[in-house]
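Protein chains: 2
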Amino acid sequence: MNISGKILIASEWLQGEGNNFNASNPSNGQQSSETFSNASTAQAQAATLAASQAFDIYSQYSDQKKATFLRTIGIELEKVRSAIVQRATWETALPESRINGELGRTIGQLNMFAQLLEDGDWKRPVIDLAQPDRQPLPKPDIRLTQVPLGPVVVFSASNFPLAFSVAGGDTASALAAGCPVIVKNHNAHPGTSEIVASAIVAAIKQCGIPSGVFSMLHGDGRIIGAGLVTDPKVKAVGFTGSITGGRALYNLAVGRPEPIPFYGELGSTNPVFLLPKSLDANAEEIASSFIGALMMGVGQFCTSPGILIAIKGQSLNRLLASLAEKTPALNAASMLTAGICKSYQQSCLTREAMPSLTKIASGESADSKASQAQVNLFSVDAVDYLKQTELEEEVFGPSTLVVCCEDSDQLLAVAKSLGGHLTAALFSEEADQDLASQLLPVLQQRVGRILFDGYGTGVELSSAMSHGGPYPSSTASQTTSVGTRSIERFIRPVCYQNTPDALLPIELKNANPDSVMRLVNNKWSTDAIS
Amino acid sequence: MNISGKILIASEWLQGEGNNFNASNPSNGQQSSETFSNASTAQAQAATLAASQAFDIYSQYSDQKKATFLRTIGIELEKVRSAIVQRATWETALPESRINGELGRTIGQLNMFAQLLEDGDWKRPVIDLAQPDRQPLPKPDIRLTQVPLGPVVVFSASNFPLAFSVAGGDTASALAAGCPVIVKNHNAHPGTSEIVASAIVAAIKQCGIPSGVFSMLHGDGRIIGAGLVTDPKVKAVGFTGSITGGRALYNLAVGRPEPIPFYGELGSTNPVFLLPKSLDANAEEIASSFIGALMMGVGQFCTSPGILIAIKGQSLNRLLASLAEKTPALNAASMLTAGICKSYQQSCLTREAMPSLTKIASGESADSKASQAQVNLFSVDAVDYLKQTELEEEVFGPSTLVVCCEDSDQLLAVAKSLGGHLTAALFSEEADQDLASQLLPVLQQRVGRILFDGYGTGVELSSAMSHGGPYPSSTASQTTSVGTRSIERFIRPVCYQNTPDALLPIELKNANPDSVMRLVNNKWSTDAIS
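In the order they appear, the protein sequences are chains B and P. Just so we're aligned, residue 1 is where the first sequence starts under full-length UniProt numbering, counting upward by one. Just so we're aligned, residue 1 is where the second sequence starts under full-length UniProt numbering, counting upward by one.
Any given hint could be a false lead.
A pair holds if it fits inside one copy or across any two, identical chains being indistinguishable in the list.
SDA-like mimics (lysine to any residue), calculated; alpha carbons at most 20 Å apart, straight line [to be verified]:
no.	residue 1	residue 2
1	K326	S379
2	K65	E12
3	K233	T389
4	K369	P259
5	K523	R124
6	K523	P513
7	K277	D453
8	K139	G104
9	K277	A248
10	K359	V516
11	K523	N510
12	K277	T244
13	K326	K359
14	K523	E460
15	K312	S379
16	K6	A329
17	K416	I57
18	K509	F452
19	K277	E488
20	K416	P257
21	K205	S52
22	K277	G313
Derived from the structure by calculation, the hints contain no laboratory data.
Please model the entire structure based on the sequences and the hints provided.
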């Protein structure tokens, strides 16, 4: 597939007026033959203007029309699967199987939102009927639904070039909500992004969607990214990335004359608690499953297990021995970018130099010309861990810290010391339930997902998923960026009082033609109102 | 009832270590015999520490236990009704009937949240059952519920000394969610607040609630208020007040190392559109009903109609004539505080001096020693209105601007020029529906509630209510501060994956003992899972 290197404004490919750059293959440093062009500030403004004009039309679309659009994007993506796989493996050094799987997930997300729209009750309609005879004052007819916020800026993530990128979860949920999207692309995979954006353009044309509904820009986060976040036409932002970059953009979003919601998923260490009876029974199995989770995407998952917490004793020794035995054989692998690799190596060096940390083992040594990461496992005594808050910070890459506690009280103290994370995992047997039940209320206050006997690395596409958590794992802990509820980031309530039926949105009309589930006079019902 | 003038920390009345102040009666400037004491920064920290300790226990309470607590507060408030009425009328210059009504509303809010807790489905539980045989990977069991955020700071409003104050909507919804509350009291009604807080303390004692669940502090917003908002133990803020004060506190909340949600209801002008056929049919009736709405609480409702928009012609002339005829007889009345009155007078003088504005009429002249407001109605040509954005700003008090448009296009242009407001109203007949249907999508983007043939001044307590809107009417347009949905400001999602049934929160257990409505495998159901 031909890559133009252009930017996309309102479904038109244009030469960017900013600097040029090349894509590169992290596994060998090779530069792309094509040159990509960054957007200028004026071009970014043209994209938001087009989005804001398109919003007036697109926000009024029926759920069915938006669902068809989302499904069509999925079909168009499937058509260019081989081009995406070829380009994405080159740009990210991720294996074919992973890219194929991630493309399936991306299409699955689009279809999941299409299904949500077809089911029809995502706006959570509520109807309180009038009581004209109520004393001392008549009660009006009141009906509640949701409307889209307006144009949304989506910042692509480096670590999921498809599922959290151009046509990823943020884009899908915003489009489903009725919001136009401007993607600020991640320059770690610009060619992949162009192919994906072309599929969206094809769907826009097929479905007759206003062209301003989608734009995709290359550009520096500090210039084009900041410009988009502070543009008055933009009404919300989705972001996945580093704490430093995310917080800087968050500050801009909330510092605007009109502050807007900034949905940033920033960083998480995903503590894993190995409770005593489970560790007794499964030390070796846990070592194996842990390594499997750690190695996913070269440790570059936001849900990668960064801290294991266990109580000292023979079973923990078995676990450590098993890790020490298995780790040296773990392959070094290329990371997503040379910059990410450098930063990972620096973090490992810092940990190597800390006197309180013990190296458990390292994997195969890394070829730094290939931006490879070497696996590095460390352990620390809980007493020392509790004194060094920086040990809780995420190391982006395949490194984990085992925190060794004296007893269950100290394990609880470690839990209580935690800040915000996306997930916490517990390995537990039935005989551990007493300790588990003490841990749960502590973890509940600190994470967005609690899972048993597994790792957070698999983030299911589900109506029951929560992918988010207290700061810094998310800048908006009350929302999720995965699963159907993520659509709620891009809508807000509007209440209609004493409104003629003819003027009500379809989900609030008496007839309820789509048989949507509604709360009517505080009872759930799919019935029409007679 | 004896007023001590003390502050309340974790159910204990203490002498504040800050400055002293007296309450005053705005209608005559009389100072209270009692002296009130402001909290010191250390005392504010003691309150948040107690709240954070109490949170560990209170957040785990059953819905039934919290419901009983809320109902008990209501019962205790009813017991001190006469003391509240006596004190609040003295402190606010609002009439007895209003205070009696507002106390009823306040108790109604507490009972509404108790009922919500008893109904049990406010946590919106979702269950996606496991599919162990799914290919290529088994699907885990995933269940979603909500947990409370932590200690909440509530800033009392001046204009609703009960319903948006110590035991008002923010407090009731936070307590219902499972969050301890620290009230930063408004010093316009400190004695009233002490009586109300005593009722909460009585309920805390009766129900055996941890004492740290409630504190109430007097203090300067810029010192104690700012200290509370930036206290790391505080996890959310509810605020009703001015744009200046609210935005300053919002900036502190989002500027913390760990940003927290700030739910500020700041300012709204609540535009009212008088569509042509309705104005033809009802000019005089609209003049009467408008005056009724404007005079509510001396124009000090956040939903007070500040702008009327209509098309020039005979019918608008009839409306203006009717307003000119009725207004001179409208009584001057004392405002909530001398400061509010001064600021109202200043706003009116500014408008008097604007060459583009025409005075329609004024009410009875005001006695400024009694902090009285005189009604002032102005009109402006839409051409001039569209040039002066400051005319959209709220004037807190009984003054309204009539915007006179050439035609329906200009009326739509005025609608499109609007920023964020709490409400918009339309007066319309069936023959106006074409214009109404053009207005609705415009207003939908700009307000939180759209109402027909009435004014926003009545804010129904309902599951279908939305009291909020785009900035500056609210700093969090995706939430409501009135109605059952307001509880959602103080909770966040937590997902449980592969969790043993014994360890799940009750609303997620297979047995579903409370028959809560849940989304199970994407179908609504109150059934148990077998």
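For each hint, the structure was consulted:
1. Taking the shortest Cα distances, K326 and S379 sit within 20 Å of each other inside one copy (16 Å), while across copies they are farther apart (81 Å).
2. For the identical chains of this complex, K65 and E12 are neighbours neither inside a copy (22 Å) nor across copies (59 Å), given an alpha-carbon limit of 20 Å.
3. Taking CA atoms no more than 20 Å apart as the test, K233 paired with T389 passes between copies only; the shortest distance there is 18 Å, against 40 Å inside one copy.
4. When the C-alpha separation of K369 and P259 is checked against a cutoff of 20 Å, the pair qualifies neither within a copy, at 44 Å, nor between copies, at 40 Å.
5. For the identical chains of this complex, K523 and R124 are neighbours both inside a copy (13 Å) and across copies (14 Å), given an alpha-carbon limit of 20 Å.
6. Proximity of K523 and P513 under a CA criterion of 20 Å is satisfied in both settings, with 18 Å inside one chain copy and 18 Å between copies.
7. Taking identical chains as interchangeable, the C-alpha atoms of K277 and D453 lie at most 20 Å apart only when both belong to the same chain, with a minimum of 12 Å there against 67 Å between chains.
8. Taking the closest pair of Cα atoms, K139 and G104 come within 20 Å of each other only across two copies (16 Å); inside a single copy the shortest separation is 51 Å, beyond that limit.
9. Taking identical chains as interchangeable, the C-alpha atoms of K277 and A248 are never at most 20 Å apart, the minima being 44 Å within one chain and 52 Å between chains.
10. Taking the closest pair of Cα atoms, K359 and V516 never come within 20 Å of each other, the shortest separation being 57 Å inside a single copy and 50 Å across copies.
11. Only within a single protomer do K523 and N510 lie at most 20 Å apart by alpha-carbon distance; the minimum there is 15 Å, versus 22 Å between protomers.
12. In this assembly of identical chains, K277 and T244 lie within 20 Å of each other by CA distance neither inside one copy nor across copies; the values are 40 Å within and 57 Å between.
13. Taking identical chains as interchangeable, the C-alpha atoms of K326 and K359 lie at most 20 Å apart only when both belong to the same chain, with a minimum of 14 Å there against 85 Å between chains.
14. Taking the shortest alpha-carbon separations for K523 and E460, only the inter-copy value of 18 Å comes in at or below 20 Å, while the best intra-copy value is 31 Å.
15. Taking the shortest alpha-carbon separations for K312 and S379, only the intra-copy value of 11 Å comes in at or below 20 Å, while the best inter-copy value is 79 Å.
16. Taking identical chains as interchangeable, the C-alpha atoms of K6 and A329 are never at most 20 Å apart, the minima being 43 Å within one chain and 69 Å between chains.
17. Only between protomers do K416 and I57 lie at most 20 Å apart by alpha-carbon distance; the minimum there is 15 Å, versus 49 Å within a single protomer.
18. For the homomeric pair K509 and F452, the shortest alpha-carbon distance between copies (15 Å) is at most 20 Å, but the shortest distance inside one copy (44 Å) is not.
19. Taking CA atoms no more than 20 Å apart as the test, K277 paired with E488 passes in neither setting, with 40 Å inside one copy and 38 Å between copies.
20. Taking the closest pair of Cα atoms, K416 and P257 come within 20 Å of each other only across two copies (19 Å); inside a single copy the shortest separation is 38 Å, beyond that limit.
21. In this assembly of identical chains, the alpha carbons of K205 and S52 lie at most 20 Å apart only when taken from the same copy (19 Å versus 55 Å across copies).
22. For a Cα distance limit of 20 Å, the shortest separation of K277 from G313 inside one copy, 12 Å, qualifies, whereas the shortest one across copies, 84 Å, does not.
Consistency with the previously given hints fails for numbers 2, 4, 9, 10, 12, 16 and 19, ordered from lowest to highest.
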